[in-house]
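Single-letter residue listing:
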Amino acid sequence: MSSKKINKLHRKQTHTKQRKVEPDASSSLTSNIILEMISFNEKSFLRVENIPIDDILEKCDKQSINWINVDGLADTGLINKIGQHFNLHYLLLEDVMNTDQRPKLDEYDDHIFLTMKMLYRMGGDEIDYEHISFVLGKDFLLSFQEKEGDIFNYLRERIKIDTGVFRKRGADYLLYRLVDTIVDSYYTILENVGYKVEALEENISQDPAIEDFREIQELKKEFIYLRKVVYPLREALNKLIKNESGFIEPQTLKYYSDVYDHVIHLIDSLDTYKDLTSTLMDLYMNTINYKMNEVMKLLTIITTIFIPLSFIVGIYGMNFDNLPELHWQYGYFYVLIGMGAIVGSMIFYFRYKKWF
Amino acid sequence: MSSKKINKLHRKQTHTKQRKVEPDASSSLTSNIILEMISFNEKSFLRVENIPIDDILEKCDKQSINWINVDGLADTGLINKIGQHFNLHYLLLEDVMNTDQRPKLDEYDDHIFLTMKMLYRMGGDEIDYEHISFVLGKDFLLSFQEKEGDIFNYLRERIKIDTGVFRKRGADYLLYRLVDTIVDSYYTILENVGYKVEALEENISQDPAIEDFREIQELKKEFIYLRKVVYPLREALNKLIKNESGFIEPQTLKYYSDVYDHVIHLIDSLDTYKDLTSTLMDLYMNTINYKMNEVMKLLTIITTIFIPLSFIVGIYGMNFDNLPELHWQYGYFYVLIGMGAIVGSMIFYFRYKKWF
Amino acid sequence: MSSKKINKLHRKQTHTKQRKVEPDASSSLTSNIILEMISFNEKSFLRVENIPIDDILEKCDKQSINWINVDGLADTGLINKIGQHFNLHYLLLEDVMNTDQRPKLDEYDDHIFLTMKMLYRMGGDEIDYEHISFVLGKDFLLSFQEKEGDIFNYLRERIKIDTGVFRKRGADYLLYRLVDTIVDSYYTILENVGYKVEALEENISQDPAIEDFREIQELKKEFIYLRKVVYPLREALNKLIKNESGFIEPQTLKYYSDVYDHVIHLIDSLDTYKDLTSTLMDLYMNTINYKMNEVMKLLTIITTIFIPLSFIVGIYGMNFDNLPELHWQYGYFYVLIGMGAIVGSMIFYFRYKKWF
Amino acid sequence: MSSKKINKLHRKQTHTKQRKVEPDASSSLTSNIILEMISFNEKSFLRVENIPIDDILEKCDKQSINWINVDGLADTGLINKIGQHFNLHYLLLEDVMNTDQRPKLDEYDDHIFLTMKMLYRMGGDEIDYEHISFVLGKDFLLSFQEKEGDIFNYLRERIKIDTGVFRKRGADYLLYRLVDTIVDSYYTILENVGYKVEALEENISQDPAIEDFREIQELKKEFIYLRKVVYPLREALNKLIKNESGFIEPQTLKYYSDVYDHVIHLIDSLDTYKDLTSTLMDLYMNTINYKMNEVMKLLTIITTIFIPLSFIVGIYGMNFDNLPELHWQYGYFYVLIGMGAIVGSMIFYFRYKKWF
Amino acid sequence: MSSKKINKLHRKQTHTKQRKVEPDASSSLTSNIILEMISFNEKSFLRVENIPIDDILEKCDKQSINWINVDGLADTGLINKIGQHFNLHYLLLEDVMNTDQRPKLDEYDDHIFLTMKMLYRMGGDEIDYEHISFVLGKDFLLSFQEKEGDIFNYLRERIKIDTGVFRKRGADYLLYRLVDTIVDSYYTILENVGYKVEALEENISQDPAIEDFREIQELKKEFIYLRKVVYPLREALNKLIKNESGFIEPQTLKYYSDVYDHVIHLIDSLDTYKDLTSTLMDLYMNTINYKMNEVMKLLTIITTIFIPLSFIVGIYGMNFDNLPELHWQYGYFYVLIGMGAIVGSMIFYFRYKKWF
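Protein chains in written order, with the working numbering: chain A, 32 to 387; chain B, 32 to 387; chain C, 32 to 387; chain D, 32 to 387; chain E, 32 to 387.
None of these hints come from the bench; they were simulated from the model.
It is possible that part of the hints are untrue.
No distinction is drawn between identical chains; accordingly, a pair holds when it is met within one copy or between any pair of copies.
Said to hold, decoys possible - Dumping the calculated DSS-like pairs for lysine-lysine here, alpha-carbon to alpha-carbon at most 25 Å:
| hint | residue 1 | residue 2 |
| --- | --- | --- |
| 1 | Lys199 | Lys112 |
| 2 | Lys322 | Lys252 |
| 3 | Lys178 | Lys322 |
| 4 | Lys285 | Lys112 |
| 5 | Lys135 | Lys191 |
| 6 | Lys191 | Lys273 |
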């Protein structure tokens, strides 16, 4: 499992090396790329999907908030076309397509660019990191996702039905709801991590196994990756709040502050879990050590008791012609009694030393 | 015990996920929710409890300082009603109800919002963390507590009788006294931790047991949780002191600076105890290690003395037809003397090496 | 020893809890409280001791620098009376009486408040922490000490005789000399710690004992406590230097900068000693470990040599009817030679492996 | 391998000591020094190589962007001549020639000086650090490389053919492309490190060997060296972006921000790999420890089972005249059964203790 | 060696306590104190040595740069006389004479005060720390050294002959050259440390001895002391560069920036070596541990193989009347074969477990 993740990191970095997108390059590989536009204002709502990009750009309505969502980053021609239409800088498009890009906020004259990671937990334990980028303009929002599928269906539904709140607000509020949804999903991930920590602690206190250690290691790695996702996000959101370009309206700013608070809280929790995991490691090490010491004590007690006894019986196993004790009437019994006395005093000594 | 606490953390985070409060949602679950209002000025004092919220809001007197206290956060309808009356922002109400919210200060146009944790030690060892939020306006103070019961009864009494100091001052002074009471209770918690550290040190120096290690672990976790409570509070109080909105009168500011100093001192003490606990860990590890080494030395001494002796007696236990020493007159006694010499020189060697 | 110190910390924190001093409360417990006033200017010098506080306050001379020193903080009535006379804030008096107060500087309109710790080494090894507070006004200096006895006698003498320098300057210079004397005494403490580190290093390299470990622990704790005293002092003095209230005259400021430099130097030295102590810990651990390894190697060598030999002699101790070697003429000597060869090759092997 | 690298560090520092270049000193040692000039504008392109420096300086065209590249720093006379022609400060030339100079940016009136490291991976595992410096003026760019050979051939080609983008821009864009190429090469290095970490983790989980530990050590050292290269670069680039001298045109600034982002990302990745490597170390230690414990348990089990048995058979090997059990009909079989019972109960005990 | 250094630290601190220099005190102890003046301008050069201070002060030429150098700080009378002549503050003189003073820069109205440490390596391994202070005025430079002998002879020569550069510049350039010489000498020290690290690594990988550990400890201590010297110097030089008093001319400032860069580089290298040393420690610990594990495995293998065999031969050494196997024709050979089979299967098991 862990090797797969490191592998992924590498694949990403390979992207990085090849990330120079020649602006005129065009790709015919459009499979698995999903185009979607939601255009809405207080009165109207329009959702189109899987029609050519030119048609979508045509349908953009100056009176509405236009949200264009692209799933899949393989079609550079498509992304460049969107870039040209919305006057996006070449470097911005590069960041959109570079799935290894760390979360950040860039400010342009006509729009704000925000990129971050969306986290899933797909079936098993593996956390899936999906690269997602947003371009926020006055009346449009572009979102570019690395892969098909997202966690925004609830929001799509809200836009459709919630004419009271959602449809009255601008693209900045829409972006807030998307970012908030993503940040909320981080909590779910962290919660799961919390359950694991709890389960591990119980396991380890009772019977620490090498597998528990491996799991602690996996948790630690998880924290390393999560930190890489969450820490830069704090910075990006802070920049967004401080931003005075006017793309975020004053009353929406309060909401972004709230998301920012959540991210701070996430970082706090991440640190807490990291500390807890490190106490888990101590617990594991110590319990293992304790058990080992018990084993060593037993070894010592057994050896210390029996080695002198074996020596004594060895003495009377010697074949000397002249070994007087052998011929005593009760020699054997005296020896047995003597050995009993030795064992007794040793046990007394060990008890005194509190070894068992 | 510890698993329960982690559990609690989870429960909190579950709240977090469900924290979106639809403003119009209304709850009929009002059991265990306690409403209380204390309205006072220099001349009058009024305390009502457990009457409907509408009656309470009606009784609010513009000439008085009105303190409305809500115990229990389950009734979102009630909280929303208070919110509407005092013009509280939707996000503020969310923070009131999110029991996992970290301590912070938010400034609004009409009021200041402060949220923190109240710590109890319920019966046993378990520290109970209760979420508490304050909204401070010009002539009112709202307090929302997670659960029934608090540590403010002394203050309620003071308001009633202390016409000289307390009743002359505004809502800002009342908030100071509440916050100060909470911060003082942190000292009690920390003091108890101090006693534990002291007791542990004595135990460990004498006879370190695996239970002592577990207790050190528990202490460490306590520090992790306390830090999460106290560190953000410093930030929040600093923001409060720097605040220039006019909700805090200049002469009261001095008092808030004092509370801020106490929080700084708490953080200092927390760090001190953390360092002391880590020296405790060293002490534990070292004492265990020392005892283990003693055990190993005994094992070595016994083995090293008796194994060669056993070999010697083994030699003369062989059944060779031709083993001349066996037939010597004093063979047995020579062997005994030889073995005595070996033992003597070994003991001398061990003494020389300072092994015992 | 260490438990007593932790105990003391607790006693302090108990004070903290009870630190609310009701301003009107008066105490008849004046035993062990020493009142002293030194009033001086270029021409006159007056020192009175142990007369009632009212007489002292009466004797305060507007033309002179008046230094009032109080030893013992138990008489809250006395302290409140001084507070009223010099217009000291209620919270300032609280800080004077709270012996657990961390070093800090507070600025008021009419005076500056500085509180810090005075360190003694009483007879034995124990460092004694005494709480001391200063209130500096235009023409007066108040000092409040936790206990009888201080390290200022040399200064009292200087004031009396040094008309050239001391008596020409103001209360700010007097405060500087007092603070400088306290900071200098920190050096003595640290110097002593340095000697201990040196002695420990010698002990440990030669023959590490469990007592050495305990002493390292004690040193570490000392550093933890010293840090708590010195670090906040840096901050307080920095605030004093930056202070522009005019209580410190420009030419005296240079002297405060000098004390500030000394405190920085102290912190540097504290860090150095902390690092040295941690290398001591490494040295201890490693030497112990080295000795243990030596023990284990001896055990292994002895066991590895003699166990096979014992097996061989065991073979020829068997009582089989048909065991041909037993009846060989030189069987016994062949066995002896064979065992000698085994021992020889083992010793060669161990030498080759550099085990001894 | 590692000793060679440290050695290199020393050679560098030896340079440092001898770094005082007397400005008039002239060297005849010009072997292995390669001179190259590329002069281009939108319409023309000129590339000359290995002609005397005077000819090159003559060919500098005020209408073109002139890039002069020097490979090899041994000829101080040559470098001083270039320095005089472009009015470079004596200290700048010193930094050019000091191959141990850490990455930095210096601003002069007529030009900007940027120095950094170029990383190769030559054949084997060894990373090669090459010192490279840039001087950026209004219409020229000087680059000084420690050794022959670089990673800029692709860029040389682009300048020649890319009349659309490259040739339209100024020297600042050229510098950006060079720096970007270098920073991109860091990614390749880090990627390789990533593969190593992955491979190591697999090795260690299965069968940790002392060689794995050595490799972890090598990785750690690699990180120490890489950090020394990358961290100061962040600072230098930040200074470049904040720079307002006008050598960087506003539209190019966006590109430098991008490189800066990549450096931040590199630092993030470096930290991630460092943390991963430290978990590797834990894994190694723990797996080794686990294996050792298994060994110790086996030792204990075997010893604990057989030592008492050996004692018992020793008893009946004694030669006492009067040892009644020896003469019992089934004495031998009773003893065998008794020993079987002891073994059985011991195995039961070990199972109960979960030792195997 | 190390105890001597700590001792020195103490001696320094003892100085600190006695550092109050009464301004009027005069000392007749002038032995070992060397006075030297170099007075130069573009045209003239004068160097006098060992004449009374009054004569030297008289010879100070307003048209020249006057460098007065004092070796030895014991003669407080002399230093006070210089202080009075150049109008130096009492606290400045204290810092000159306090050999434990940490590096710092103080700004006065008429001059700048810089104090730092000069490092020698005297014969053996011991690094010698000499306290040196500079007072830079408009046309004079004072230098006070703790002891006779310095590293400035090369500079004295340069001043005499280098009329082109050196003699044209002011006292600020002279100070730069002195400081630069000192900082360069730090590189030599660090280089030597580097060689030690390299040698140690080789030793430890091959055959780690307790002496290697001691040397790592010594290196660590060296770093602790060097850090104390270099870190505050960075601060002091930064203050010097930012200084706007006009004592440093703009064109000289560039040189000070260069020295500042070198100090930053030194700190970088110090950190690098510290990290390398800590990996050395890991290497040492691990190699020791690895060797110990090998020893333990051998012990286990030998014990595990021979203890059961010894038991078996013990069985047939019993003297039961009725022990049928003893009377079998080939009993002895069956036993030998059986023991061979046990040894074989054990070796197979150990191989399978990869124990050797």
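Consistency of the hints with the structure:
1. Lys199 <-> Lys112: The answer is between: 24 Å across copies meets 25 Å, while 30 Å in one copy does not.
2. Lys322 <-> Lys252: between (27 Å within a copy, 23 Å between copies)
3. Lys178 <-> Lys322: neither (49 Å within a copy, 43 Å between copies)
4. Lys285 <-> Lys112: between (34 Å within a copy, 21 Å between copies)
5. Lys135 <-> Lys191: neither (30 Å within a copy, 35 Å between copies)
6. Lys191 <-> Lys273: neither (31 Å within a copy, 44 Å between copies)
Of the numbered hints stated above, those contradicted by the structure are hints 3, 5, 6, listed in ascending order.
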